[in-house]
Amino acid sequence: MSNNIMEFRHVSQQFGDNVVLRDIDFEIEAGKFYTLLGPSGSGKTTILRLIAGFDQPTSGEIYFDGQQINDVPANRRQVNTVFQDYALFPHMNVAENVAFGLQIKGVKKSEIDQRVKEALHLVQLDGYGQREITAMSGGQRQRVAIARAIVNRPKLLLLDEALSALDHKLRVEMQTELRQLQRRLGITFIFVTHDQEEALAMSDQIMIINDGTIQQSGTPVDIYDEPLNHFVADFIGESNIVPGVMKADYLVTIDGQDFECVDAGMRPNERVEVVIRPEDLDITTVDQGKLTVTVDTQLFRGVDYQITAHDQRNHEWRINSIHKTTVGAQVGLAFDPEDIHVMRYNESEEDFDARLDSYEEDD
Amino acid sequence: MKKHHFTWGGLYLALVFVILYAPILYLMIFSFSAGKTMEKYHGFSFQHYADLFADGRMITIVINTLIVALLASLIATIIGTMGALVIKDSRGTWRNSLLSLNNVLMVSPDVIIGASFLIFFTVLGIRLGFMSVLLSHIAFCIPIVVLMVLPKLNELSPTLVDAAYDLGASRWQALSRVVLPAIAPGIFAGYFMALTYSLDDFAVTFFVTGNGFSTLSVEIYSRARQGINLEINALSTLMFFVSLLLVIGYYFISKHSGRRNRIVAVKEGDAQ
Chain E
1 MSNNIMEFRH VSQQFGDNVV LRDIDFEIEA GKFYTLLGPS GSGKTTILRL
51 IAGFDQPTSG EIYFDGQQIN DVPANRRQVN TVFQDYALFP HMNVAENVAF
101 GLQIKGVKKS EIDQRVKEAL HLVQLDGYGQ REITAMSGGQ RQRVAIARAI
151 VNRPKLLLLD EALSALDHKL RVEMQTELRQ LQRRLGITFI FVTHDQEEAL
201 AMSDQIMIIN DGTIQQSGTP VDIYDEPLNH FVADFIGESN IVPGVMKADY
251 LVTIDGQDFE CVDAGMRPNE RVEVVIRPED LDITTVDQGK LTVTVDTQLF
301 RGVDYQITAH DQRNHEWRIN SIHKTTVGAQ VGLAFDPEDI HVMRYNESEE
351 DFDARLDSYE EDD
Chain D
364 MKKHHFTWGG LYLALVFVIL YAPILYLMIF SFSAGKTMEK YHGFSFQHYA
414 DLFADGRMIT IVINTLIVAL LASLIATIIG TMGALVIKDS RGTWRNSLLS
464 LNNVLMVSPD VIIGASFLIF FTVLGIRLGF MSVLLSHIAF CIPIVVLMVL
514 PKLNELSPTL VDAAYDLGAS RWQALSRVVL PAIAPGIFAG YFMALTYSLD
564 DFAVTFFVTG NGFSTLSVEI YSRARQGINL EINALSTLMF FVSLLLVIGY
614 YFISKHSGRR NRIVAVKEGD AQ
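Chains as they are written, first to last, in the working numbering: chain E, 1 to 363; chain D, 364 to 635.
Pulled out of the complex, with its shape left as it was, chain E reads as follows (with noise of 0.2 Å):
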């Protein structure tokens, strides 16, 4: 417990009517990499803004090192920001813009040198200091919006949205250096996206926010694998999404068809949805599928084909699948009782996470 560097309790924000965070709670461990991941407008930024204190949260309490600092100014918070325009002083050349935390805090101008020095090549901008910001690309920005966050040493770093302006190719390279970089400092980062797959490729911890609440938080695999409800499998990557019935622990009903699965701990023929993803569904013949459906698109991506269908009852599936077939023609779906996840209505996190552990401890 006392590893958590930050802690919201009951924390809720309101700017005039419009409720923007009802009743959050969370702890930060120290030294992970946390993702916020939501729409926008789902709230994620006001919360980064209530963490690095440029807004007073309504009510609730939080907690930085096991110290209420709600009323502790940004300004002496061991935070630090990257934001997402960078937000680089325009008058300032690279060295004077990483150096502008220390100079404020009165550090001494030899070691004020050394720790510049040291920033800018933690970010691989070695000999860059004596440039103008206007001078640098939009990756090379970046780097000196974290460089110059970093150099103050602080014990969370927030990022905001920040690789969200860079193009693709470039933006991969940062996800993979941002990893790194986090775990050669062992700050603490909490980054803020929209984009699932930045999520996915780069925290320990997940925590999906949506209208103003935490829907589900937890491991990129447990989220991806274990959805808690219709808005998160949704968002984190591709699926199929039908209702169903449990008819009883372990056995499911879709459309009047029963199939195995792995989940138990409902009341019996409780409506449910059922999560299938597309890369767990297999394309067979008809009779050796567990589903039979016709083949509507095909999309060749590269690594795969991306192949809608219907079935009898017009459900539409979406298969993600290396092999190739035919559109128009009837296959067949196969899938293990593993791939199938069954999600409650209107089910907690914590009911879930206890539901989970009931039957689990069982196998």
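Accuracy of the hints is not assured; some may be wrong.
Unchecked claim - Straight-line C-alpha distance at most 20 Å; calculated SDA-like pairs for lysine to any residue:
id	chain 1	residue 1	chain 2	residue 2
1	E	Lys109	D	Gln536
2	E	Lys169	E	Gln124
3	E	Lys105	D	Asp525
4	E	Lys32	E	Val221
5	D	Lys451	E	Asp55
6	E	Lys155	E	Ile104
7	E	Lys105	D	Val542
8	D	Lys403	D	Gly590
9	D	Lys403	D	Arg420
10	D	Lys451	D	Ser463
11	E	Lys247	E	Glu260
12	E	Lys105	D	Arg534
13	E	Lys108	E	Arg153
14	E	Lys32	E	Gln196
15	E	Lys324	E	Gly289
16	E	Lys108	E	Glu118
17	E	Lys105	D	Ser533
18	D	Lys403	D	Asn592
19	E	Lys290	E	Trp317
20	E	Lys32	E	Asn4
21	E	Lys32	E	Gly265
22	E	Lys247	E	Val221
23	E	Lys105	D	Gln536
24	E	Lys155	D	Asp525
25	D	Lys618	D	Met556
26	E	Lys105	D	Lys618
27	E	Lys109	E	Arg153
28	D	Lys618	E	Met92
29	E	Lys105	D	Gly590
30	D	Lys618	E	Glu132
31	E	Lys105	D	Leu538
32	E	Lys117	E	Glu177
33	E	Lys109	E	Ala135
34	D	Lys618	E	Asn93
35	E	Lys247	E	Glu273
36	E	Lys109	E	Glu96
37	E	Lys108	D	Gln536
38	E	Lys105	D	Val524
39	D	Lys451	E	Phe54
40	D	Lys618	E	Glu273
If you are wondering where the hints come from, they were derived from the structure by calculation, not from laboratory data.
Please arrange chain D on chain E, whose structure you already have, making use of the hints.
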């Protein structure tokens, strides 16, 4: 070398400049005339320049004018910049009303402003002279400064100030080290605009100068009523060159600082 071809557009432009500058050129040529009037050129002489520098009253007035202009534009720049900062931070109708009040002063005729200042000072019992001229000049320069500074402030990314706080800066440090340097080109432009407005103001000054104090434009006006003295030509010529130097100086300052102070926008690859 690219050859310049004759175009009707070019000719038109040349004509416009000739018409604009011909009167000034005419005035300058006669400042070097040996004669007493502008009816006929009497041969080259520096006589009027010598007269000018011997004219103690005129020199005093030139110095007065400069003092008023420099002081008024400096004070107006400080007040106007602070005003722009307040307007920038205010919201909704309050912000709009402040901006409108500012703009009304810009468009209302100088004569009205001058007359209202005269009434104002008389009611308050302020003696007309240096102070009344200075105060009114400061007053009509402030809106100019606000209008020059505000666009620069609006260009600034709002996260810039957040970034300064984030790096440990106090409110004052964020203002003095980040905001003011970033809007410095706007402040300089405002100062120079205020300076020129104050230097050549006639209407407002005419109302509020009292006995014993006068500025150049008012003095030239009163002398011109008794027939133009070529000493005025000499003075105008000098002033023309001084303002030319100012404009050239301002051009180089803005060109130099403009390169450095251009607002950094996030645009992928604009330096690649």
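Hints, verified against the model:
1. Among the hinted pairs, lysine 109 (chain E) with glutamine 536 (chain D) is consistent with the structure: their alpha-carbon atoms are about 18 Å apart, no more than 20 Å.
2. Distance restraint check for lysine 169 (chain E) and glutamine 124 (chain E): the Cα-Cα separation of roughly 17 Å lies within the 20 Å cut-off, and the hinted pair is therefore satisfied.
3. For the given pair, lysine 105 (chain E) sits about 17 Å from aspartate 525 (chain D) by alpha-carbon distance, which is consistent with the 20 Å threshold.
4. Among the hinted pairs, lysine 32 (chain E) with valine 221 (chain E) is consistent with the structure: their alpha-carbon atoms are about 16 Å apart, no more than 20 Å.
5. Distance hint between lysine 451 (chain D) and aspartate 55 (chain E) is fulfilled; the C-alpha atoms sit about 19 Å from each other, no more than 20 Å.
6. The straight-line distance between the Cα atoms of lysine 155 (chain E) and isoleucine 104 (chain E) is roughly 18 Å, inside the 20 Å bound, and the hint therefore holds.
7. For the given pair, lysine 105 (chain E) sits about 19 Å from valine 542 (chain D) by alpha-carbon distance, which is consistent with the 20 Å threshold.
8. This hinted pair checks out: lysine 403 (chain D) and glycine 590 (chain D) have alpha carbons roughly 15 Å apart, not beyond 20 Å.
9. Using a Cα cut-off of 20 Å, the hinted pair lysine 403 (chain D) and arginine 420 (chain D) is violated, with the two alpha carbons roughly 28 Å apart.
10. Pair hint lysine 451 (chain D) plus serine 463 (chain D) holds up; C-alpha atoms about 14 Å apart against a cutoff of 20 Å.
11. For the hint pairing lysine 247 (chain E) with glutamate 260 (chain E), the CA-to-CA distance comes to about 10 Å; that is within 20 Å, so the pair holds.
12. Between the alpha carbons of lysine 105 (chain E) and arginine 534 (chain D) the distance comes to roughly 14 Å, so the proposed pair stays at or under 20 Å and holds.
13. The straight-line distance between the Cα atoms of lysine 108 (chain E) and arginine 153 (chain E) is roughly 16 Å, inside the 20 Å bound, and the hint therefore holds.
14. A distance of roughly 18 Å separates the Cα atoms of lysine 32 (chain E) and glutamine 196 (chain E); the hinted pair therefore holds under the 20 Å criterion.
15. Between lysine 324 (chain E) and glycine 289 (chain E) the alpha-carbon distance is near 17 Å, which keeps this suggested pair within the 20 Å criterion.
16. A C-alpha spacing of about 15 Å is found between lysine 108 (chain E) and glutamate 118 (chain E), which places the hinted pair at or below 20 Å, so the restraint holds.
17. Between lysine 105 (chain E) and serine 533 (chain D), the direct Cα distance comes to roughly 11 Å. Compliance with the 20 Å bound is thereby established for this hinted pair.
18. Taken as a hint, the lysine 403 (chain D) and asparagine 592 (chain D) pair is honoured in the structure, with Cα atoms around 14 Å apart against an allowance of 20 Å.
19. Of the pairs offered as hints, the one joining lysine 290 (chain E) and tryptophan 317 (chain E) holds, with about 13 Å between alpha carbons and a cut-off of 20 Å not exceeded.
20. For the hint linking lysine 32 (chain E) to asparagine 4 (chain E), the alpha-carbon distance of about 10 Å falls within 20 Å, and the restraint holds.
21. Restraint check for lysine 32 (chain E) and glycine 265 (chain E): not satisfied, since their Cα atoms lie roughly 32 Å apart, outside the 20 Å limit.
22. Distance hint between lysine 247 (chain E) and valine 221 (chain E) is unfulfilled; the C-alpha atoms sit about 27 Å from each other, more than 20 Å.
23. Straight-line distance between C-alpha atoms of lysine 105 (chain E) and glutamine 536 (chain D) comes to about 11 Å, which keeps the hinted pair within the 20 Å bound.
24. Between the alpha carbons of lysine 155 (chain E) and aspartate 525 (chain D) the distance comes to roughly 18 Å, so the proposed pair stays at or under 20 Å and holds.
25. Our distance criterion of 20 Å between C-alpha atoms is met by lysine 618 (chain D) and methionine 556 (chain D), whose separation comes to about 17 Å.
26. Of the supplied pair hints, the one linking lysine 105 (chain E) and lysine 618 (chain D) is violated, its CA atoms being roughly 34 Å apart against a limit of 20 Å.
27. Between lysine 109 (chain E) and arginine 153 (chain E) the alpha-carbon distance is near 17 Å, which keeps this suggested pair within the 20 Å criterion.
28. Between lysine 618 (chain D) and methionine 92 (chain E), the direct Cα distance comes to roughly 17 Å. Compliance with the 20 Å bound is thereby established for this hinted pair.
29. At most 20 Å may separate the alpha-carbon atoms for a hinted pair to count; lysine 105 (chain E) and glycine 590 (chain D) exceed this at roughly 67 Å.
30. Taking the CA atoms of lysine 618 (chain D) and glutamate 132 (chain E), the gap is near 16 Å; set against the 20 Å cutoff, the hint holds.
31. Distance hint between lysine 105 (chain E) and leucine 538 (chain D) is fulfilled; the C-alpha atoms sit about 16 Å from each other, no more than 20 Å.
32. Distance check on the hinted pair: lysine 117 (chain E) and glutamate 177 (chain E) sit about 18 Å apart at the alpha-carbon level, within 20 Å; holds.
33. Proposed proximity of lysine 109 (chain E) and alanine 135 (chain E) is contradicted: the alpha carbons are some 25 Å apart, above 20 Å.
34. Restraint check: the Cα-Cα separation between lysine 618 (chain D) and asparagine 93 (chain E) comes to about 18 Å, which is no more than 20 Å; the hinted pair holds.
35. Restraint check for lysine 247 (chain E) and glutamate 273 (chain E): the C-alpha separation of about 13 Å stays at or below 20 Å, so the hint holds.
36. Of the supplied pair hints, the one linking lysine 109 (chain E) and glutamate 96 (chain E) holds, its CA atoms being roughly 12 Å apart against a limit of 20 Å.
37. Taking the CA atoms of lysine 108 (chain E) and glutamine 536 (chain D), the gap is about 18 Å. The hint holds against a cut of 20 Å.
38. As the CA atoms of lysine 105 (chain E) and valine 524 (chain D) are separated by approximately 17 Å, the hinted pair is consistent with the 20 Å bound.
39. Under the criterion of a C-alpha separation no larger than 20 Å, the hint pairing lysine 451 (chain D) with phenylalanine 54 (chain E) is consistent with the structure, at around 18 Å.
40. With a CA separation close to 65 Å, the supplied pair lysine 618 (chain D) and glutamate 273 (chain E) exceeds the 20 Å bound.
In terms of the numbered hints stated before, the structure departs from hints 9, 21, 22, 26, 29, 33, 40, listed from lowest to highest.
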